[in-house]
Amino acid sequence: MTDQKFNIEKISQLARLGLTKQESKELEAEFGDILKYMDKLKKIDTDSTPPTDHVLGSENITRSDQVASQDSKLIIKQNKQTKNYQIPSVRTLWTS
Amino acid sequence: MDLLKLTISQASQAMCDGEVSSEELTEAYLDRINQFNPSLNAYISVESQSAIKQAKSIDTDRKAGKSLSALAGIPIAIKDIIVTKDSKTTAGSKMLENYQPSYDATVITKLKKAGAVIIGKTNCDEFGLGSSGENSAYGATRNPWDTSRVPGGSSSGSAAAVAAGLALGSLGTDTGSSVRLPAAFTSLVGVKPTYGRVSRRGLIASTSSADTIGVFGKTVLDAALLLQVIAGADSGDATSIEEPVPDYPGASKKNRRKLKIGVVKEYFQKGMNSDVAKTVENAIQTIRGLGHEVVEISLPHAEAALPTYYLINPSEVSSNLARYDGIRYGHSVLKQGEVNSLSEVFERSRDEGFGPESKRRIMLGTFALSRGYADKYYLQAQRVRTLLIQDFSNAFSRVDLLLTPTSPNVAFHINEVQDPLLMYLSDINLCAVNLAGLPAVSIPCGFVDSLPVGLQIIGQPFSESDIFSLAYQYEQETDWTEQYPDMTAVK
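Protein chains in written order, with our numbering: chain A, 1 to 96; chain B, 1001 to 1491.
Incorrect hints may appear among the rest.
Claimed, not checked - Calculated Cβ distances over 12 angstroms to all of chain B for the following chain A residues:
| id | residue |
| --- | --- |
| 1 | Lys10 |
| 2 | Lys36 |
| 3 | Lys42 |
| 4 | Thr49 |
| 5 | Thr52 |
| 6 | Asn60 |
| 7 | Asp65 |
| 8 | Gln66 |
| 9 | Ser69 |
| 10 | Gln70 |
| 11 | Ser72 |
| 12 | Lys80 |
| 13 | Gln81 |
| 14 | Thr82 |
| 15 | Ile87 |
| 16 | Pro88 |
To be verified - Have a look at the derived ranges for each label pair, beta carbon to beta carbon:
| id | chain 1 | residue 1 | chain 2 | residue 2 | range |
| --- | --- | --- | --- | --- | --- |
| 17 | B | Gly1236 | A | Leu56 | 48 to 58 angstroms |
| 18 | A | His54 | B | Asp1375 | 55 to 65 angstroms |
| 19 | B | Leu1422 | A | Gln22 | 16 to 26 angstroms |
| 20 | A | Gln13 | B | Ser1397 | 43 to 53 angstroms |
| 21 | A | Asp39 | B | Ser1067 | 39 to 49 angstroms |
Everything labelled a hint here was simulated from the structure, so no lab data went into it. In this text the structure is predicted, and so the values were computed from the model without any measurement. We put the beta carbon where it would ideally sit given N, CA and C, even for glycine.
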C-alpha cells in the first residue's frame, strides 16, 4: 500500500490545512512509519467480507423516500428575457 | 470527611442523614480543586457559582422532604468535550477556546435532572485525540499517583479529578481507549458502554462510528449509579438505541450467576510488562476462585485491530473536524484583519487552531479517503472491522464475558513517548472493543512499582449488568479500589 509516496502538499490542500514547512517535513517523515504499520491489513483476505456499515447492525427507522411524479416542463420554466431557468421554491412545490 | 476516599454512595448517605449539606460538600471540593488543580491541571474551567447555586437548590429540596436521586447534590466533573450551556466547552483545543454552547448535552440535562452538581469541565486531549492527556492546548494533565507521569487519555482530567478526590465521579468519552486507559492508570473504575447506550447529543464528534460517553467512579457501584442516570435512547440522537435500561446498581449487587469467562490469549503479547502480566493473571485467578469457569479464548484478528482503528479513526476525524473552517465558529483569522482569499481563511484558521495530533489525524484521514486510496485503506479497514466483529461474536457464542489487561504497561512519564506510532500502541488492548461497539469496564487489579494496573472486562452488546456484576464481585474480594494516591506528594 505504501508503493506510492505520500504527497503531503496535495493532501494538505485537500484538507484545507495550511502547514508550515517544518510541520510538513515532520509529518512526511512520520507517515512513512505509520503507513508501513497499516500495511499489515493488506495481508488479510477480505474478498468475501463486506465492509461494516454499523457496528451493531442497526438500520434506519425512517421510511424510504416516496417520489411524487411531476411534469418537469410544468415546473421549470425559461425566463424569456434572461434565458435563465426558473424553478419554484421547495416550499411552493410542497404545498401545491 | 476524607474527600480522597469518599464515594458517591457514602456522600449520598451522609447528605440523607443530615451529616453534611450539598453546599458544604461542594465548597469542600472547590477548596480542594484550588489546592491541587495547579499541580494536576485536571480542570480547564471550574464552575464555582453555578455549582454552589445547584447545591443550595438541592439542599432546599432535601429540607422540603422531596424524593431525591442517589446523585442529588453530588459534585460531578465533565470532560470538556461535552457541551454545557453558557459555560465554555473547548474540547481541549485552541480552536474552541471561546466557544460557549447554546444548549446542554443530553447527558448534562439528565445529570442536572438527577440533581448532580456540575463542578467543572476537565482537561482532555484535543478533540479526544490522544492516549496520554498530553495533546491538550491547555497543557498536560498529571497523574496523582506520580505527577511526573501521564494519567492516560484522552479523558485525562476526568480520571485525575476523581482519583485525586477533586470530584466524586466524572463523565469521559471513549472512542478507542479514552475512559478505560486513564481508569487503569489512575486506579479507577472506568466504563465504556455499548455503542448507542448513551445519547451523544452534545458530544463534540471525533469518530462517529465509535464515540461513546462513559463514566469514572472510585467503585463499581459509583460507576453503575452514574451510568444509570445517563443511559437510554434519546430522540435528539438518531444513533442512540431503544433498549430498556436495567437497574445497574441493583445488578451489580444481586446478579450472582456463575459465568463462563474467556481470557483472550492474544492480549498477553510479547513486549508486555511482565509484572503487569503477573498482576492481571493473579486477578484472573481470583475470578476463578469466585466460582466462575475461566477458559482461554482466541480472537484471531486481534493484531489487526490497531491498524484498522488508526485508519477508521483519522478518516472520520478528518471529516468531523472539517466543520472548523474559520467561517461559522471557532478560531478564525478573519478576526485578525486582512486576508486575501477564502482558502486562506480555511487554511490559516485551521493551521492556527488545531494542535499537532489533530493535524496528523486530519492528514492521515484525508489521505485514507482520497481518490485512489480509499479502497485500499478506508474500505479495507472497514472490511477487517467486520472480521473483528465476527471474532467477538464467535467468542461470545462460547463465553459470557472476556478478560484482558487494560494496558500492557503502567502509566508512562510525561514527554516519554514522542513517536506517534508508539503512542497509538497504548490503545492496543482497547480499540477493538470500540470497533465492535461492545461495552467494557476497566477495574483496578493491583499495582506495579506503586503504579496502578487495570483489568478489562468485555461483554456482548448491552450486557453492562453482567460486567458490573463480575466487577463488583471482584471488588468485594479484593481491596484495590480502597487504595489512594499520596496527596502529600502532589505539589
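Hints, verified against the model:
Against chain B, the non-interface label of A/Lys10 is violated: not every CB pair exceeds 12 angstroms, the least being about 8 angstroms. The Cβ of A/Lys36 does not lie farther than 12 angstroms from every Cβ of chain B; its closest approach is about 9 angstroms, which violates its non-interface assignment. Not every CB of chain B is more than 12 angstroms from the CB of A/Lys42 (nearest about 7 angstroms), against its label as outside the interface. For A/Thr49, the non-interface assignment is contradicted: its Cβ lies about 5 angstroms from the closest Cβ of chain B, within the 12 angstroms cut-off.
Distance to chain B contradicts A/Thr52 as a non-interface residue, since its nearest Cβ pair spans about 4 angstroms, not more than 12 angstroms. With a least beta-carbon separation of about 8 angstroms from chain B, A/Asn60 fails to lie farther than 12 angstroms from that chain, contradicting its non-interface assignment. With a closest Cβ-Cβ approach of about 17 angstroms to chain B, A/Asp65 is found to remain outside the 12 angstroms limit, as its non-interface label requires. Interface exclusion of A/Gln66 from chain B stands, the closest Cβ pair being 20 angstroms apart, more than 12 angstroms.
The Cβ of A/Ser69 lies farther than 12 angstroms from every Cβ of chain B, with a closest approach of about 29 angstroms, so its non-interface assignment holds. Annotated as non-interface, A/Gln70 keeps its C-beta farther than 12 angstroms from every C-beta of chain B; the closest such distance is 29 angstroms. Once the 12 angstroms rule is applied to beta carbons, A/Ser72 is consistent with being away from chain B; the minimum gap is 32 angstroms. For A/Lys80, the requirement that its beta carbon stay farther than 12 angstroms from each beta carbon of chain B is met, with the minimum near 35 angstroms.
With a minimum CB-CB distance of about 32 angstroms to chain B, A/Gln81 clears the 12 angstroms threshold, and the non-interface call stands. Every Cβ of chain B is farther than 12 angstroms from the Cβ of A/Thr82; the closest lies at roughly 28 angstroms, confirming the non-interface assignment. Every Cβ of chain B is farther than 12 angstroms from the Cβ of A/Ile87; the closest lies at roughly 27 angstroms, confirming the non-interface assignment. Look at A/Pro88: its CB is around 29 angstroms from the nearest CB on chain B, clear of 12 angstroms, so calling it non-interface holds up.
For B/Gly1236 and A/Leu56, the hinted distance range of 48 to 58 angstroms is not satisfied, since their beta carbons lie about 19 angstroms from each other. The hinted range of 55 to 65 angstroms is not satisfied by A/His54 and B/Asp1375, whose Cβ atoms lie roughly 20 angstroms apart. For the hinted restraint 16 to 26 angstroms between B/Leu1422 and A/Gln22, the CB-CB distance of approximately 21 angstroms keeps it satisfied. In this structure the supplied range 43 to 53 angstroms holds for A/Gln13 paired with B/Ser1397, their Cβ-Cβ distance being about 48 angstroms.
As the Cβ distance of A/Asp39 to B/Ser1067 is approximately 59 angstroms, the hint placing it in 39 to 49 angstroms is violated.
Hint compliance for this structure: hints 1, 2, 3, 4, 5, 6, 17, 18, 21 are not met, and every other hint is.
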